[in-house]
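J.: Now for the letters of each chain:
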Amino acid sequence: MLELQGVSKTFGELQALNGIDLHLKRERVSGLIGPNGSGKTTLVNIITGVYPPDSGRVLLDGKDVSRASADQITRLGVSRSFQNIRIFNRMSVLENVIAALISQDKSGLTTLLGPAKRTGDPRVTAARQALETVGLLERSNLSASELPLPLRRRLEIARALACDPKVLVLDEPAGGMTPAETAGISELIRSRIAPGRTCVVIEHKMDLISHVCEHLCVLNHGEKIAEGDPRSVMRQPEVIEAYLGRA
Amino acid sequence: MPNDYLLTVISNIGMISLIALSAYLLLISGEISFGQQAYFGISAYAGAIATTLWGWPLWVALLFGSSLAALAAGLIGLLTLRISGLYFSIATLAFAEMVRLSLFKLTYQVEIDGELIGPNGAEGFGEIRWIFDNDVSVFEYTLLIYSVLFLVLFFLVLIERSRLGMIFRMLGQDPLLTRVQGLNPVRYKVTAAILAGFIAGLGGALYAHSFTYIEPQIFNIMMGVHALAYGLIGGLGTVLGPLIGVAIDIGFLESVREFQGYRMIVFGGLVALMLIFMPRGILDEKRVYWLKSIARRWFRA
Chain Y
56 MLELQGVSKT FGELQALNGI DLHLKRERVS GLIGPNGSGK TTLVNIITGV
106 YPPDSGRVLL DGKDVSRASA DQITRLGVSR SFQNIRIFNR MSVLENVIAA
156 LISQDKSGLT TLLGPAKRTG DPRVTAARQA LETVGLLERS NLSASELPLP
206 LRRRLEIARA LACDPKVLVL DEPAGGMTPA ETAGISELIR SRIAPGRTCV
256 VIEHKMDLIS HVCEHLCVLN HGEKIAEGDP RSVMRQPEVI EAYLGRA
Chain D
7 MPNDYLLTVI SNIGMISLIA LSAYLLLISG EISFGQQAYF GISAYAGAIA
57 TTLWGWPLWV ALLFGSSLAA LAAGLIGLLT LRISGLYFSI ATLAFAEMVR
107 LSLFKLTYQV EIDGELIGPN GAEGFGEIRW IFDNDVSVFE YTLLIYSVLF
157 LVLFFLVLIE RSRLGMIFRM LGQDPLLTRV QGLNPVRYKV TAAILAGFIA
207 GLGGALYAHS FTYIEPQIFN IMMGVHALAY GLIGGLGTVL GPLIGVAIDI
257 GFLESVREFQ GYRMIVFGGL VALMLIFMPR GILDEKRVYW LKSIARRWFR
307 A
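Heads up: the sequence lines are chains Y and D, in that order.
Residue numbers for the first sequence follow the working numbering, beginning at 56 and rising by one.
Residue numbers for the second sequence follow the working numbering, beginning at 7 and rising by one.
In case anyone wonders, no lab produced these hints; they're calculated from the structure.
Values in this document were obtained by computation on a predicted structure and should not be read as measured data.
Be careful, since some hints might not be right.
Only part of the chain D face toward chain Y is listed, based on derived beta-carbon distances under 10 Å [what the hints assert, rightly or not]:
id, residue
1, Glu-146
2, Leu-164
3, Gln-179
4, Val-186
5, Val-272
6, Glu-291
Ideal placement from N, C-alpha and C gives every residue a C-beta, glycine not left out.
Given the sequences, and given the hints that come with them, work out the whole structure.
T.: Next up, the structure:
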């Protein structure tokens, strides 16, 4: 489905990623963990076209998309949420999700000048379904800025989900949440988001990772140090050392 | 029938509203342009040349001037694609100054009825006589200005409700987030620049024929700053926002005799206060949303 071959990225003197190989299989939830500064978000930004890799390749369904821009990658079926929440604050909850569906329309002047939201429009229906999935349908007419943080995270997920992506990338979906809220989002991902979908979840919270992920990759200082079944990966000495330091 | 002074104020509000709407369109798309006066000026000169020297009908001259302005805006939009924020603002100001200084050098005069007529550098361009030659009264010309303004408003309301309008507002809030929704910001930034250039151009061509005399100094930085300020005062939540800004400045501060001589002081203070207490103007997105929900409830009841 999505494959990274020898992906490297540097920012000035900093080697953010060094020869990363990763294979995300279809309909599997993969976790990506690592200490702060290990290169997780850089990897997400490369997968989603925000940065091009300095070397290596990103393949989506076998097609090289290493040089594709972020908008092209999205149109090819990769959607994401952000570690630092990004929503359109001056729009309603529903409009935030409709925003993700505009690029799916056929291009053309008449389409562009058509109404952004009309009852019965398939895009509005799809947006409402995505909001229903994450439990925000009743708040669809609220201004997005009025939502508390946990619901903003859910809104980001609904937006990423709305266009039925081939690959869904969730960057710290439980960031800033209490344990109870984390448990809620963890269950949401496991029961309603992940089934039948290719997902990548970046998280620090191991409870969430072990609850939702079938496969785990660990980064440290821009290098992959472990990969495989989450339980066995988390027992590996290199992983424990990366997280807790040398004894 | 209103007197000529009142009509002049009303028609001035209409024409300046067009450059305010032009700056507003860019503001909601996230770009602060200090250079919309350039497109106003380009179209003023082009439109006036077309009617006065070439004898074209006014409506053709309006379209010609505005299209030229839109073309220039599109080119500047393309040249400034890679810059945003303060750098974009400086680039637009620099272009506007280039246009203004170029107009000081523009000499293109044609002998009509034994008299040399046309732009003559710093002396400006007088004898823009379409309004007299066609025996158009101030009242009739004011009606024409407002017809154009209402057409533009209708078009902008259509855009506001459209996918294109939504994309403009998305861009105005977060260009990266817009890009990861699968939309290419470049295409829509240039589209916004072209539309804004055209709208400013309509105002410029109407202005030249209303005042019958134009000179480069009219299209200076102050015109651009005012155009921006109107949207910021009136509000960025609806197309009516910039019109409120224009009405406050020209309809009130410039027209009320008690403010004569103090207008710029009051206006500057007003802009400063608005930026502190209402950074997105009187009719910002929240208030517009609130007003719409009240209106919906009212009509349902």
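J.: Run the structure past the numbered hints and jot down the numbers of the failing ones, going up.
T.: 1 and 5
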